[in-house]
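J.: One letter stands for each residue in the lines below.
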Amino acid sequence: MQKEVFLVNFANQFDDTDPSEITLQTVYKDLDEWSSLLSLSIIAMCDEEYGVKVTGDDIKNTTTVDDFYTLVLNRK
Amino acid sequence: MHNPFTLGGKTILVTGASSGIGRAIAIESSKMGANVIITGRNEERLKKTYYLLKGRGHGLIVADLSLKEDIERLHKELPVIDGLVNCAGLTKVAPFSFATRDSFEEVMNVNFFAPTELTRLMVKTKKIRKGASIVFISSVSGVYCSAVASAIYSSSKGAVNGLVKGVALDLAPKGIRVNSVNPGMIDTDIFIKSAITDEQLKTDMLRYPLGRYGKPEEVAYAVIYLLSDAATWITGSNLLIDGGYTLL
Numbered sequence: 001m002q003k004e005v006f007l008v009n010f011a012n013q014f015d016d017t018d019p020s021e022i023t024l025q026t027v028y029k030d031l032d033e034w035s036s037l038l039s040l041s042i043i044a045m046c047d048e049e050y051g052v053k054v055t056g057d058d059i060k061n062t063t064t065v066d067d068f069y070t071l072v073l074n075r076k
Numbered sequence: 001m002h003n004p005f006t007l008g009g010k011t012i013l014v015t016g017a018s019s020g021i022g023r024a025i026a027i028e029s030s031k032m033g034a035n036v037i038i039t040g041r042n043e044e045r046l047k048k049t050y051y052l053l054k055g056r057g058h059g060l061i062v063a064d065l066s067l068k069e070d071i072e073r074l075h076k077e078l079p080v081i082d083g084l085v086n087c088a089g090l091t092k093v094a095p096f097s098f099a100t101r102d103s104f105e106e107v108m109n110v111n112f113f114a115p116t117e118l119t120r121l122m123v124k125t126k127k128i129r130k131g132a133s134i135v136f137i138s139s140v141s142g143v144y145c146s147a148v149a150s151a152i153y154s155s156s157k158g159a160v161n162g163l164v165k166g167v168a169l170d171l172a173p174k175g176i177r178v179n180s181v182n183p184g185m186i187d188t189d190i191f192i193k194s195a196i197t198d199e200q201l202k203t204d205m206l207r208y209p210l211g212r213y214g215k216p217e218e219v220a221y222a223v224i225y226l227l228s229d230a231a232t233w234i235t236g237s238n239l240l241i242d243g244g245y246t247l248l
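Line by line, the protein sequences are chains A and B.
To convert, note that position 63 of the first sequence is 63 in my numbering; the numbers rise steadily by one, no gaps.
To convert, note that position 202 of the second sequence is 202 in my numbering; the numbers rise steadily by one, no gaps.
Isolated chain A, as found in the complex (with noise of 0.2 Å):
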């Protein structure tokens, strides 16, 4: 599971954001275009490309997208 790889997974799932606004160091919920449907759409790609399940709380939890990555990292 490539770091770089997810990233571009993570901010693929926004579609006003610029990729490039979205790194490591993100604090992706302060994002003016996250919402609920993002957080789920997030959560249905960590299913899709990865085969790990997320639920709404372990979204709640993160903070960084470093933090994510490391969380579905860990899950796998």
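Note that these hints are calculated values from the structure, not bench results.
Hints may be right or wrong, so weigh each one.
[What the hints assert, rightly or not] Simulated pairs of lysine to aspartate or glutamate, DMTMM-like, Cα-Cα distance not exceeding 25 Å:
1. K130(B) / E72(B)
2. K60(A) / D102(B)
3. K53(A) / E72(B)
4. K53(A) / D102(B)
5. K202(B) / D57(A)
6. K193(B) / D57(A)
7. K92(B) / E4(A)
[Unchecked claim] Some chain A residues near chain B, calculated using beta-carbon distances under 8 Å:
8. S41
9. A44
10. E48
11. G51
12. R75
On a predicted model such as this, the values are computed, not experimentally measured, just so you know.
Using N, Cα and C, we set each Cβ at its ideal position, and we do this for glycine too.
Please arrange chain B on chain A, whose structure you already have, making use of the hints.
T.: Showing chain B alone in chain A's frame:
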């Protein structure tokens, strides 16, 4: 005492009785005098429901309605019944671009094809008595409204509502009534450890004019009405139970 809502002397099958709405329907029906036959996938949880039933003469059959062979075995083991409550169901939350055909098939299989096939077999072999009542547990979702990332679930419940209309017409000559109840969000464990957080559920709850989610028993009472002789002129209808949710 005069009580047109009694289920005394009626044998009622409840699917999905191991938890949530199905469990409440089974328990409340038994309190109204029915002989209840419960079915569900999980034997342990199904037994828990069984021990909560009031009175005697109830039955329990473990079956996984996502499996064709279990539907057929269940049908074979059942006696002639006076009421069928198709409650077994599941949900899958996925934004539309992730709503794959496999996801649709998984949900449609349990929410739509399983109750359809069980009902068909029961009718064909005359295991549903003339004058019986069939109730499908549908939803507000897919019929009156939907929710974010709910296309799969909404589609399955929309299909159930269409089915109810068609089957009601076909079974009318037999005096068998077919209806649905359409609940809004009910307090069950359907969203535990899911993509939806407790906070999101609490915010959602505020959108209900009556200020809360429904209780499983509140769906059960509506089902009991449709099963009882108080509803003998009601067929093909959809009873909305949503705390006012769809008014807004």
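J.: Next, verify each hint and record whether it holds.
T.: Consistency of the hints with the structure:
Restraint check for K130(B) and E72(B): the C-alpha separation of about 21 Å stays at or below 25 Å, so the hint holds. Between K60(A) and D102(B), the direct Cα distance comes to roughly 28 Å. Violation of the 25 Å bound is thereby established for this hinted pair. Between K53(A) and E72(B) the CA atoms are separated by roughly 33 Å; this puts the pair beyond 25 Å, and the hint is violated. Distance check on the hinted pair: K53(A) and D102(B) sit about 17 Å apart at the alpha-carbon level, within 25 Å; holds.
Taking the CA atoms of K202(B) and D57(A), the gap is near 14 Å; set against the 25 Å cutoff, the hint holds. Distance restraint check for K193(B) and D57(A): the Cα-Cα separation of roughly 8 Å lies within the 25 Å cut-off, and the hinted pair is therefore satisfied. A distance of roughly 29 Å separates the Cα atoms of K92(B) and E4(A); the hinted pair therefore is violated under the 25 Å criterion. Below 8 Å, beta-carbon pairs count as interface contacts, and S41(A) has one with chain B at about 5 Å; its hint therefore holds.
Interface hint at A44(A): satisfied, since its Cβ lies 4 Å from the closest Cβ of chain B, which is below the 8 Å cut-off. Given hint, E48(A) at the interface with chain B, holds; its Cβ is 6 Å from that chain's nearest Cβ, closer than 8 Å. Interface hint status for G51(A): violated, as the beta-carbon distance to the closest one in chain B is roughly 13 Å, over 8 Å. Contact between R75(A) and chain B, as hinted, is not supported at the beta carbon level, the nearest pair being about 13 Å apart and thus beyond 8 Å.
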